[in-house]
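Student: Sequence:
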Amino acid sequence: EKAALHLAQAVARDPGYSAAWKLYGKALSELGRTEEAKEAYRRGIEAAERKGDVQAAKEMRVFLKRLEHM
1 EKAALHLAQA VARDPGYSAA WKLYGKALSE LGRTEEAKEA YRRGIEAAER
51 KGDVQAAKEM RVFLKRLEHM
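Everything in the sequence shown is counted per the numbering used here, starting at 1 for the first residue and increasing by one.
Errors might be hidden in some of the hints.
Stated by the list, open to error - With a straight-line Cα cutoff of 27 Å, these simulated DSS-like cross-link-like pairs (lysine-lysine) come out:
1) Lys26 / Lys38
2) Lys2 / Lys26
3) Lys51 / Lys26
4) Lys51 / Lys65
5) Lys51 / Lys38
6) Lys2 / Lys38
7) Lys58 / Lys26
8) Lys2 / Lys65
9) Lys26 / Lys65
10) Lys38 / Lys58
11) Lys65 / Lys38
As the list claims (entries may be wrong) - Estimated spans, in silico, between C-beta atoms of each pair:
12) Val62 / Gly32: 11 to 21 Å
13) Gly32 / Gly52: 24 to 34 Å
14) His6 / Gly32: 15 to 25 Å
The set of hints was computed from the structure by calculation and includes no laboratory data.
Glycine included, C-beta positions come from ideal geometry on N, C-alpha and C.
From just these sequences and the hints, can you work out the full model?
Tutor: Put into structure tokens, the structure is as follows:
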């Protein structure tokens, strides 16, 4: 719960920080907050693509697909 709170603050301060979005999505998923996790991954993918961070975007797409198939 604390991790999710800190990561929410991190992405609020820097919405382009794709690594924080990835960790935030994971933290939310582990808390059972699936819809919020999906949104975090979507926003993280957008941030990663804006920066040209192909690997981070790819990883978050995999995590997002897993949540969508649950």
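Student: Could you run down the list of hints and mark each one as holding or not?
Tutor: Against the structure, the hints come out as follows:
1. A threshold of 27 Å between alpha carbons decides the hint, and for lysine 26 with lysine 38 the separation of about 9 Å falls inside it, so the pair holds.
2. Between the alpha carbons of lysine 2 and lysine 26 the distance comes to roughly 13 Å, so the proposed pair stays at or under 27 Å and holds.
3. At roughly 21 Å between alpha-carbon atoms, lysine 51 and lysine 26 fall within 27 Å of each other, so this suggested pair holds.
4. With a C-alpha separation of about 22 Å, the suggested pairing of lysine 51 with lysine 65 holds against the 27 Å cut-off.
5. With a C-alpha separation of about 20 Å, the suggested pair lysine 51 and lysine 38 falls inside the 27 Å cut-off, and the hint holds.
6. With a CA separation close to 19 Å, the supplied pair lysine 2 and lysine 38 stays within the 27 Å bound.
7. Only pairs whose Cα atoms come within 27 Å are accepted, and lysine 58 paired with lysine 26 is accepted, the gap being roughly 15 Å.
8. For a cut-off of 27 Å, the pair hint linking lysine 2 to lysine 65 stands: about 25 Å separates their Cα positions.
9. Note on lysine 26 and lysine 65: the hinted pairing holds, with a Cα-Cα distance of about 13 Å set against a maximum of 27 Å.
10. Using a Cα cut-off of 27 Å, the hinted pair lysine 38 and lysine 58 holds, with the two alpha carbons roughly 14 Å apart.
11. The straight-line distance between the Cα atoms of lysine 65 and lysine 38 is roughly 9 Å, inside the 27 Å bound, and the hint therefore holds.
12. Valine 62 and glycine 32 have their C-beta atoms about 20 Å apart, which keeps the hinted 11 to 21 Å range intact.
13. Separated by about 33 Å at the C-beta atoms, glycine 32 and glycine 52 satisfy the suggested range of 24 to 34 Å.
14. Our hint of 15 to 25 Å for histidine 6 and glycine 32 holds, since their Cβ atoms are close to 18 Å apart.
The structure meets every hint from the earlier list without exception.
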